[in-house]
Amino acid sequence: MAASKPRLKLPEQAAAAGDVIEIKALITHVMETGNRKTADGQPIPRNIIHTFRAEYDGKPVFTAEFGPSISANPYISFYLKVPGPGELRVTWIDDEGGETIERYPIAVG
Amino acid sequence: MKNTTSPWEHLLGGRALDRRAVLAGAGALAAAAMVPAAALAEAAKTTPAAAADPPPLVPTAQFGDAFAKVVGSGTPLEGLVVLELPEFAENGNIVPYKISIDSPMTGEDHIQRITLLSTQNPQATVAVFHFTPLSGKATVSGRMRLAKTQEVVAVALTSSNSLLVGRQMVDVGIGGCGAE
Numbered sequence: 038m039a040a041s042k043p044r045l046k047l048p049e050q051a052a053a054a055g056d057v058i059e060i061k062a063l064i065t066h067v068m069e070t071g072n073r074k075t076a077d078g079q080p081i082p083r084n085i086i087h088t089f090r091a092e093y094d095g096k097p098v099f100t101a102e103f104g105p106s107i108s109a110n111p112y113i114s115f116y117l118k119v120p121g122p123g124e125l126r127v128t129w130i131d132d133e134g135g136e137t138i139e140r141y142p143i144a145v146g
Numbered sequence: 750m751k752n753t754t755s756p757w758e759h760l761l762g763g764r765a766l767d768r769r770a771v772l773a774g775a776g777a778l779a780a781a782a783m784v785p786a787a788a789l790a791e792a793a794k795t796t797p798a799a800a801a802d803p804p805p806l807v808p809t810a811q812f813g814d815a816f817a818k819v820v821g822s823g824t825p826l827e828g829l830v831v832l833e834l835p836e837f838a839e840n841g842n843i844v845p846y847k848i849s850i851d852s853p854m855t856g857e858d859h860i861q862r863i864t865l866l867s868t869q870n871p872q873a874t875v876a877v878f879h880f881t882p883l884s885g886k887a888t889v890s891g892r893m894r895l896a897k898t899q900e901v902v903a904v905a906l907t908s909s910n911s912l913l914v915g916r917q918m919v920d921v922g923i924g925g926c927g928a929e
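Residue numbers (our numbering), protein chains in the order written: chain P, 38 to 146; chain G, 750 to 929.
Worth double-checking, as some hints may not be accurate.
Chain G regions said to be covered by chain P (calculated; three or more residues, Cβ under 8 Å) [said to hold, decoys possible]:
no., region
1, 833-840
2, 868-878
Take a look, some chain G residues computed to stay more than 12 Å from chain P by CB distance [unchecked claim]:
no., residue
3, Gly-821
4, Glu-857
5, Leu-883
Source of the hints: derived by calculation from the structure; they are not laboratory data.
Virtual Cβ for every residue (Gly too), placed ideally from N, Cα, C.
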């Protein structure tokens with residue numbers, strides 16, 4: 038199953054430059070471990086989101102490399118020190134090569 | 750009963766070993782004081798196997814390898830990594846974790862990386878988190894799978910290449926990971 042329904046949640050009030058804000062990201066994905074077998078004993082191939090990446094105007098903010106021990110529908114919360122107005126770009130990449138990208142413009146109040 | 754000793758502490762050097770001995774002693778005392786003799790006798794009658802001490806939680810060989818690789822020849826410092834997990838997780842498929850380290854997160858002084866490790870899951874490396882000064886805060890949270898009762902370990906690398914370690918014991922009700 039491919040990744041679907043990516044969601045990003047940021048604080049509702051506008052940030053000022055230099056503020057540290059929490060970003061919550063959630064996506065629907067099976068995160069199949071590769072350890073399981075079907076009822077007739079066939080191994081179910083691994084399919085997980087192995088990389089989660091957050092960038093701000095192209096600069097790396099936070100990256101997570103996930104293993105199969107991350108729960109299905111991976112949720113992650115991290116922080117961003119807002120350098121100024123710009124665009125947050127978040128990418129999820131899974132074993133099937135599926136890449137899901139969400140963009141979130143950040144205005145600075 | 751909560752297992753207070755940590756079977757991988759030999760990896761941490763002498764200071765940790767002292768603590769292990771103290772904890773083991775304290776645990777034995779607490780167990781002796783808290784379990785009524787009648788309950789023990791009852792347990793022995795119904796399930797003879799359960800009356801024996803539970804086998805020690807020996808970390809997987811994979812954990813040992815992964816930990817050694819992350820730590821290298823360094824000795825990680827305890828006490829600065831705050832690893833928050835529930836003491837009891839009913840459902841091992843969804844166990845919330847939060848890791849935080851107090852750091853100014855400047856170009857000169859920041860946390861570069863945190864490795865989250867499981868001592869009992871089929872795959873020891875749960876996740877590797879990379880931070881930058883743009884992260885602002887060395888804090889991350891999410892949800893993980895735990896195959897069974899175990900200690901979870903987080904190892905952090907600072908910008909000055911110091912190693913920090915934190916750990917938390919979690920009792921797991923129904924195991925996750927789909928390994929069983």
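To see whether the hints hold, each was checked on the structure:
Residues of the region 833-840 of chain G lying with their CB closer than 8 Å to a CB of chain P number 0, which falls below the three-residue condition for coverage. For the region 868-878 of chain G, the proposed coverage by chain P is satisfied: 8 residues have a C-beta within less than 8 Å of a C-beta in that chain, meeting the threshold of three. Gly-821 of chain G, annotated as away from the interface, keeps every beta carbon of chain P farther than 12 Å; the closest lies near 18 Å. For Glu-857 of chain G, the non-interface assignment is confirmed: its Cβ lies about 15 Å from the closest Cβ of chain P, beyond the 12 Å cut-off.
The beta carbon of Leu-883 of chain G is not kept farther than 12 Å from every beta carbon of chain P, the shortest such distance being approximately 5 Å.
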